[in-house]
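Next come the chains, spelled out residue by residue.
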Amino acid sequence: MIEIEGIGRRFNTRDGGSFEALKDVSFSVNDKEFFSIIGPSGCGKTTLLKMVAGLVKPTAGRIDIDGRTVIGPGDDRAMVFQQFVLLPWADILTNVGFGLELRGMSRKESRDAARPHLEQVGLTRFSEHYPHELSGGMQQRVGLARALAVGPDILLMDEPFGALDAQTRQLMQEDLMRLWEVEQKTVIFVTHSMDEAAYLSDRVLVMDTHPGRVREILDVPLPRPREEGVRRSPVFNELTSHMWRELRGMMGDPTAPAPE
Amino acid sequence: MGRHRGRTHEASNSGVWEPVVTHQGEPSIASGEPYTAEAERTMTANRWIPWAFRIGSVGVVLLIWELYGRAQETTLFFVPVSSVIAALWEQVQTAEFWDAFRQTFIPFVWGWTLSLAVGIVAGLLIGRFSTFDALTKPYVTFLNALPVSTLVPIAVILFGIGYASRILVVFLFGVVEVTLNTAAGVRYVNKDLVEMGESFNASETRLFRKVILPASLPGIMAGVRIGTGRAVVGMVVVEILLVAVGMGRLILRYRGRFQSADLFAVVLALIIFGILLQVLARQVERRVSKWKYEMEQIA
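Chains as they are written, first to last, in our numbering: chain Z, 1 to 260; chain V, 1001 to 1299.
Since the hints were made in silico from the structure, they are not lab data. Take the hints with a grain of salt, since some may be wrong.
Only part of the chain Z face toward chain V is listed, based on derived beta-carbon distances under 7 Å [as the list claims (entries may be wrong)]:
hint: 1; residue: Ala60
hint: 2; residue: Pro73
hint: 3; residue: Val85
hint: 4; residue: Trp89
hint: 5; residue: Ile217
These numbers come from a predicted model, not from an experiment. Just so it is clear, CB atoms sit at the ideal spot from N, CA and C, and this is done for glycine as well.
With the hints as constraints, model all of the structure from the sequences given.
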């Protein structure tokens, strides 16, 4: 279980003042839960995810994973990035094994260990290709396979499909859904797409902005395994309309003082 | 120790499904575009056009040189290019030329190698650790601001006219560019790549060896190429300015005797030497940063 307790984050600004990006954020994520975080741009959702990853330190509060406080990155977590972040000089198989290589495995061993994960995302025949030869969707499959290859308990996904076109995005969502149903990992998924959040998640955290904080946490009462058809169900529509009303309220004049 | 974090670098692969052509002109799997003979002809033609211009431009200058040289009343000052080439051809058949070349070449190789080794190591440290950057900044700034030639007399006073002072001067000429370019290469490594490495819980050593070092290779190799050019300048400057040995001595002697064709020939030999080193450095650069060139093709 991931427990986020009273997290806050202040940044110092250039003019000597400070800016509060996150304020008193508390929630918890259960084991093997698919948990999404949605909110307007600048609400600090990516910062929050990076804190769970151990890449950014909170200035207040703490994050516990199975009772142990996060002080940095760990072998129990792996991240998938919006811009894929593959090594341009290495082929696909090396890229998939790169997480293992960074944890001390040799190049050869990590490539061997990467093969089944490349197969998982359906890219076996591209193992010798280079990232720039692949489409965005394929590159993100590589990013996902790289994260799965290190065998993490927790998958942290930072708007992973945000850089993809609508059709590719939908295909990727369905593939991720199937993978997750097999892999049964805890996933924290940051997105700005309401459809995506509703389709994939068990629960959705809606964040408020200026400063970033918890607005509400929604249950997604859709049955699993989820078929593509749930996107047209009344429950799905009710959920996405609700999220839209919430987000829309926050997206008024960005210079207006935040409601307390 | 504080670390430099690379600047955010917008990934060129925006995820848009674009036709991609690799540098050999092969269709990529992403586009699946047919590979037509016409496309190949266009690419081949395009590749030859810059070469045609380069050869043409050199040809015109050589022609003017030749005509102007022949129009001179005396061969004391300016000689046509054909006489220079003839003089060079004669010189390379003498033992004196090759002795001079050896005298010049040996300290050059030492100073050059040393400047690459020291420059790369210092650049890596400066680029990665801000503490090291702060410690060395005054010296790097000093060497960068100063015409290195002014250090030649000091080097000779301190180390005499033997190999040591010439090695030192070649080293000083080359080392700054290698250091600065390497440091820039490390500093501007895509910040996202570093963060990715950190997120996988990599140790500092592994992060450096597996992410930062390969990602800064293009910068390092640019430093090697520019530093090599500078080292050649240092090699000639020290011999002409103070220590009359090797190729520098030949230059001074032919100048003193108004043997212009021979003087030009020595200079031509040095130019050829410099170009060969540049070509070599560029080949290594291209090989090492192949991925970079391929990326730029589609950027």
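Taking the hints in turn, this is what the structure says about them:
{"no.": "1", "hint": "Ala60", "result": "22 Å, violated"}
{"no.": "2", "hint": "Pro73", "result": "4 Å, holds"}
{"no.": "3", "hint": "Val85", "result": "4 Å, holds"}
{"no.": "4", "hint": "Trp89", "result": "4 Å, holds"}
{"no.": "5", "hint": "Ile217", "result": "25 Å, violated"}
Of the hints listed earlier, those the structure fails to meet are numbers 1 and 5, in rising order.
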